[in-house]
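Engineer: What follows is the residue order along each chain.
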Amino acid sequence: MAELRTATGSWDELIDASGAPRPGAAALVEQLQALGLAELQQRQDLAELDILGMGITFTVYSDGRGIDRAWPFDIVPRVIAAGEWRRIEAGLKQRLTALNRFIDDLYHDQRIIADGVFPGELLEQSVNFRPQCIGVTPPHGVWAHISGSDLVRDGDGTMYVLEDNLRVPSGVSYVLENRAISKRAFADLFARQSILPVDGYTDELNGMLSSLAPDGVSEPTIAVLTPGIYNSAYFEHSFLAQRMGAALVEGADLVVGDDDCVYMRTIDGRERVHVIYRRIDDLFLDPEAFNPESVLGVPGLLRAWRAGKVGIANAPGAGVADDKVVYAWVPDIIRYYLGEEPMLPNVPTYRCLYDDERRFVLDNLRDLVIKPANESGGYGLVIGNRATDDELAEAAAHIEGDPRNWVAQPILDLSTAPTLCDGQLEPRHVDLRPFILSGATSYVTAGGLTRVALRRGSLVVNSSQGGGSKDTWIVDEAWGA
Amino acid sequence: MMLLSRVADQLLWGARYLERADATARVVRNFTEVILDLPAGVASSWEPLLAIAGSREEFDRGHVRAAEQDIIRFLVADRENLGSVVSSVAHARENLRTTREVLPRAAWQTVNDLYLFTGREPEAGVDRRSRIRFLNHVTEAVQQLDGVLDGSMLRDEAYEMWRLGQSLERADMTTRVLGVRAAALLDAPEDRDLDYDDVQWMGVLRAVTGLQMFQRSTRGPIHGADVVRFLVFEEQFPRSVKGCLARIRVALSRLPREERTVPAAEALEAALATVPVTADDGAALDAAMDRLQIALAHVSDMVHATFVAAAE
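So the protein sequences, as listed, match chains A and B.
Each residue of the first sequence is one higher than the one before, counting from 1 in the numbering used here.
Each residue of the second sequence is one higher than the one before, counting from 482 in the numbering used here.
The set of hints was computed from the structure by calculation and includes no laboratory data.
Hints may contain errors.
[To be verified] One side of the interface only, derived from the structure: several residues of chain B facing chain A at Cβ under 8 Å:
| no. | residue |
| --- | --- |
| 1 | M482 |
| 2 | M483 |
| 3 | L484 |
| 4 | S486 |
| 5 | R487 |
| 6 | R546 |
| 7 | W589 |
| 8 | Q590 |
| 9 | D594 |
| 10 | L597 |
| 11 | E638 |
| 12 | L736 |
| 13 | P737 |
| 14 | E740 |
| 15 | F788 |
| 16 | A790 |
For each residue, glycine too, the CB sits at the ideal point set by N, CA and C.
Pulled out of the complex, with its shape left as it was, chain A reads as follows (with noise of 0.2 Å):
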């Protein structure tokens, strides 16, 4: 019979301090302590080998070279009650449409600085924003029409949004894969409770892409737009084309005509594309307006994007309000562009622009953690408490010399589920990452990636680093009671 154990202090997805099974997740409790470990372990062997025979892959560098490395994913899952996902659902949408209506806003009459809420010295600084998008009004005014939005639970049982990924976030493939493998492994308990499921999410996607083509195309021809495969989501660009049946570019399959209309090369000539699904970084995107360097992009697309021919998401210059130093506005552009109350928290945020709340972080800076406004996949964090005093030196050195580009927030307790390590039931730390679209209408994933720090303490959850993952079930308890 297999124990669930907690970590002291942190809160357990699975079971409460007593023991006993969270909001929907009785049945799992149940199921996982009449298993036993030995059973359990022969599940994961047996998922284990499905991942590497389905070729779930992810790709990880090491001495300049791609390596494909099989998906990481922990067989146990991670339940929330409907109920409380309800809510979740509800604050994301809430936060996506505030957020959108922002970046409409800056490349357009910039109210929010006109009315003091958003400081404009911000946005003169911002490596995020992009002069070539001002005054462009994409379809819907909507920019960020994929995000991923991290999400951590504290101590307290409090769910709070770390960041907005409004960039090229990735992931969603696996909360598709993860399901399909949770499914053969945990066949009995899909029938016996309603666990919501999770893959509409391409037919959503490609809905809400098809939404964006130029006017008058009823059936587009839709592209994702990959970097290749050397980028480590390449799994994940290939399974979102498939699931969509769209076409797989790379830059040099495409090209903008004289006409300002993007055109791939096929075996019988040029073909017009008419929305494009990004998974490059703006400043790659197209050589002639960003970087001239880049051989990953097509020269004259933010032109054809411009010229209203071609579709694009996420568009360009969407990543402006995906910074860390924007994220601790976003309570108040929520306030300002829709006059409601945020429903999600934001983790309290100093910002090291202001001198006030700089003192605090440098005086504080052990009992904070500490992070560059703009990198992604957790390079460059400082966790306080676990730092070296040459570390923090380091820290405090960068806050000093570029303030504007480092933010601190409270060390947070993240909740932790139970994990199969090494044949035992272990509490490891995770966090959840849903996948908000965003066009005529919101949609989010029934849950989302969890994402799991498979060493012990470890808080750090990205597959990069050593991370794994956990197929997240959205229980309706309501059903079959």
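Chain A is already provided as a structure; the job is to place chain B on it using the hints.
Structural biologist: Relative to the frame of chain A, chain B by itself:
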């Protein structure tokens, strides 16, 4: 949506790599069986395998001996040899990894499984005790893939590009098997042991898995000239040059820009018409196989020029 040029190129070569892995597996397996059949007194050599694979020179660069194990390891398990079974499968997998969006999902899984299998224990393909089973597994996986494509793939340009690559490689292998037999006829001393001539021709048929079908279509004992006729001209046999040519023509007619590619197929047809149905004139047969290989390469070049290079 029309097929991307880059994807077309990768499909064509993916199909060729996989067909090559299968063809090499079949040739090595059947050669192994033929040699085991020959009485101990008859001189036997594994070297013709290198000639069939067209990699004699490359082999000689890295080897001083040409014993059975060396040759089989080189052809089956050597990752440094780009034409080995293991390398061909790895290349095919890499090509399929970048074309997954146009192929049925099971196609990728089949090739990925085969890649994991061949990479796990390539030496099993060398050891005589496990060699046949290993090589059979390769052939079975490739046949399974063929079944997946046949049973569940849209008959679109991607499908035709795959069949085109497969047929080009298949025809090429048949001409090489025949070419090596022709060369052997040339080299053979006057007093060669004619008793085992039929065994050798049987081996040629087996190398392309054609023995049983040959016997169904041609009555009586096995004569060299009949084998040549069957493997070159019997359109009903899918591995004959003419059978492959028919499939190549179908593919080209279903792909765009036919007017640019069909002339190359017609040149191949013309080269085919010059093949002598003989088992006695090794020089003429050898030269004819060379002409076919050149014509096949020309088809491949024209396909590349039309579908890939023209899009640059």
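Engineer: Does B:E740 pass the interface check with chain A, least Cβ-Cβ distance below 8 Å?
Structural biologist: With a minimum Cβ separation of about 12 Å from chain A (threshold 8 Å), the hint on B:E740 is violated.
Engineer: Can the hint on B:M483 be confirmed by a CB-to-CB distance to chain A that is less than 8 Å?
Structural biologist: Given a least distance of 4 Å, the restraint on B:M483 holds.
Engineer: With a cut-off of 8 Å, does the beta carbon of B:Q590 approach a beta carbon of chain A closely enough for the hint to hold?
Structural biologist: holds, 6 Å
Engineer: Taking the least C-beta to C-beta distance, is B:F788 closer than 8 Å to chain A?
Structural biologist: Cβ of B:F788 sits 4 Å from chain A, so the hint holds.
Engineer: Taking the least C-beta to C-beta distance, is B:M482 closer than 8 Å to chain A?
Structural biologist: Cβ of B:M482 sits 6 Å from chain A, so the hint holds.
Engineer: Holds or violated: the hint that B:R487 contacts chain A, with Cβ atoms closer than 8 Å.
Structural biologist: holds, 6 Å
Engineer: A closest beta-carbon separation below 8 Å is what the hint needs, so does B:L597 meet it against chain A?
Structural biologist: B:L597 check passes; min Cβ-Cβ to chain A is 7 Å, inside 8 Å.
Engineer: Interface hint check: B:W589, Cβ to nearest Cβ on chain A, cutoff 8 Å. Holds or violated?
Structural biologist: Nearest chain A Cβ about 6 Å off; hint holds.
Engineer: For the hint on B:E638, just tell me whether its beta-carbon gets within less than 8 Å of chain A.
Structural biologist: holds, 6 Å
Engineer: Tell me if B:A790 is really an interface residue toward chain A, meaning its C-beta lies closer than 8 Å to one of theirs.
Structural biologist: violated, 11 Å
Engineer: So, B:L484 near chain A? Judge it on the closest CB pair being under 8 Å.
Structural biologist: Given a least distance of 5 Å, the restraint on B:L484 holds.
Engineer: Should the interface hint for B:P737 be scored as holding, given a Cβ-Cβ cut-off of 8 Å against chain A?
Structural biologist: holds, 4 Å
Of the numbered hints given earlier, the model fails hints 6, 14, 16; all others are met.
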